[in-house]
Amino acid sequence: MSHDKPAWYERARKGPFVGNSFDARARQAIEKRIAGKGDPRRRKSAAVATWLVGAAAVLLAVFIVVRLQDAVPSAPSGNHPVVGAGTEGSGKNEGISAAVVRAEGTAETGKLQVVPLNGEKQETLGAASCMGKETDMQFQGSYRVVYTRGKESGVVIDELPEMTFIQPSADIVQMTKLAFADADVFLLVPQYADCHGLNFYAYAVDKNGGEAFPLSFRMADGTESNASYYPPGELPAVRDGQLVLPSGEGPGGETANGPQDRIFDLNLSEKALVQSPAAMAGDVTGDSGKKALTRSFVFSGQTYTIPYPGDYAEYFVHAAEANLFQIKAGTKKKLTSFQEDEKGIHYVKDGRTFTAVPSIF
Amino acid sequence: MEHEFLKHMTTMDDASLRDIMAQYGSDIWNYAYFLTKNRELADDVTQDVFIKAYYRIETFRGQSSLKTWLLTITRNTAFRYRRSTFFRKVNLFASITSIQSGRSAETEYMEDRYVDDIWDVIMKLPDQYREVLVLDIRYELSTEEMAKLLNIATGTVKSRLHRAREKVEQNLKEVRS
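Top line first, the protein sequences correspond to chains A and B.
The first sequence: position 359 = 359 (full-length UniProt numbering), numbered continuously.
The second sequence: position 102 = 102 (full-length UniProt numbering), numbered continuously.
Any given hint might turn out to be false.
What the hints assert, rightly or not - Coverage of chain A stretches by chain B, computed from C-beta distances (three or more under 8 Å per stretch; other residues unrestricted):
#1 7-17
#2 106-117
#3 157-171
Calculated directly from the structure, the hints in this document are not laboratory data.
Ideal Cβ placement from N, Cα and C applies to all residues, glycine included.
Hey, can you work out the whole structure from these sequences and the hints?
Here it is as C-alpha cells:
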C-alpha cells in the first residue's frame, strides 16, 4: 500500500461521529438477544409492522412495475436512443436520460432487464484509459433488475444502487448467457474494459420453475459476495457443469501456487455459486498445497468428515452434538432424514443426498 | 495475533464475546455505517455481526485476522440488509426503535454531527470508492486483504483507491474555492 498518504487522511482517522456509536447500551442489546431476553413488545410490534410494510411495499412495487412497462420502449432492435442528451461540446456530453433498458438477457421462459430507478446521468468518457476509449459512454445511476415472464408483469429481483456502466455505445448491453443443466445463468458486466478485472453480477433463470433470482458467490474460505470478477479477454465458461472463472492474478498479486482458476458449482436451492473446495483446476497432482476444507464431527466414537462450506455441513455437526443420529427413522421426531451404512451417514434434502464419510487416520 | 485462540473454538463463551465487542465494536459499527449510510441500519447490522460471530465462531479458521473476518461478515450482512432496504425505508411505527432510542434532542444533534467535514465529502463518494477509501484510512488493510474482502482483483483495489483520493481532493478544492 502506498505510503504517500494525503494530508487529509489524518482528518479522517477519527469519527465519523463525535460520540461513540457503539456504547455499553449497544453491547447489552446484543447480549440480551443472545440470551433470548429481547423486548417481546418490540418483537411483536416489529413483526406486525413488517407485515404491513411488506404488504404496502408489494402494492407499491406493482404500481412501479406497471409504470415502468409503460415507460420502457419496445423497439425490436438493440438501439435505444437516449432521451434528453446534452449538447455537443468539447467531447464531454452530459445529460439525464429517461427510463431506458440498460442491459438485458433473454431466457426461454422470460427476459431479464436492467432499468434505471430514477433516470441516469450520461456522459462520454472524455479521455482514453483502462476503462475504455474517450468516445465511450458512461451511465451512472441506481438500477433495478426486472424479470418478465411472457405477458406477465415484471418482477424486481435485484437492486443495484449507484452503478456505473461504461460501454462503447448507448446500445443495450447483452448479458452473457451460460447454460447449465437446470438453469441459464446470465452475467451482467457493467464495464466492458479494465486493466485488471471485469466485475460482474450473476442471475439464474431456473429451467424447471421459470423463476429468476440473483446468485451470490460463496467462496471456499467461507466469505460470500454478490459479485465476482474475471480478467479482461478471458471469458467465464461452463465446463463439466461447473462455472470456471479464470485467475485474476497479475503483477503485484502473484501467489505462490501460480494462476488458479476458480471453480464454482451452481446451487439453485441456495441461490449461490459455491466455490468448489476440491483440488484447484490446473493442479494435476491434486495437491496444490492447500487442503480442501472439511468439517468433522464424532458419532459413536467414529470421526466423520464432510466437505465445507455448505449448510448441510453445519447441520451434520449440529445433529452430532444434539445426538440426533441416535433417533431412529419412523419416530415422531422431524429430524430423522439420516441413514447409516458402511459408507457413512447420509442426509437427504430436497432430493439430494449428502454424505459424511468415516475419517481414516 | 490477538484472539488467535478463537480459531480453535467451536462455541464462544460470553467473556470472549464481551472482549471482541469491546475491541472491535466501534470498528464494526463504523464500517456498517460507511456501507449503509444509515445509523439505524448500522445498529442492526452490528448486532447481527456479533450474534453471527458468537454462534458461528467455528467458521473462523484463522486464515485471516479476526478483524478482517468480522469486517467480511459486516459487509455480507450490510448487503443483505440493503437488498431488503426497500421494505425498511417506510417506517410507520414509532415503536420500532433502534438501540439508540431514548436520546434527548440535544444528545441526538451532538452525536449525529460528523467529527470533521471531511466525512461529508467521503460519505458522498460512490459506494465502490468510499469502501476502499475507508478500508485504507481506518482499517489499514493491505491491498491483498482488501481484494479478498471485496472479492475484486488487487489491481482494481489500487485503481479505485486512486480514483477515490482524486475525487476527495477535487471536492476539497471545490469547497475551498
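The hints, checked one at a time:
1. 7-17: holds (count 9)
2. 106-117: violated (count 0)
3. 157-171: Holds: 5 residues of the stretch 157-171 of chain A have a Cβ under 8 Å from chain B.
This entry does not satisfy hint 2, going by the numbered hints stated previously; all others are met.
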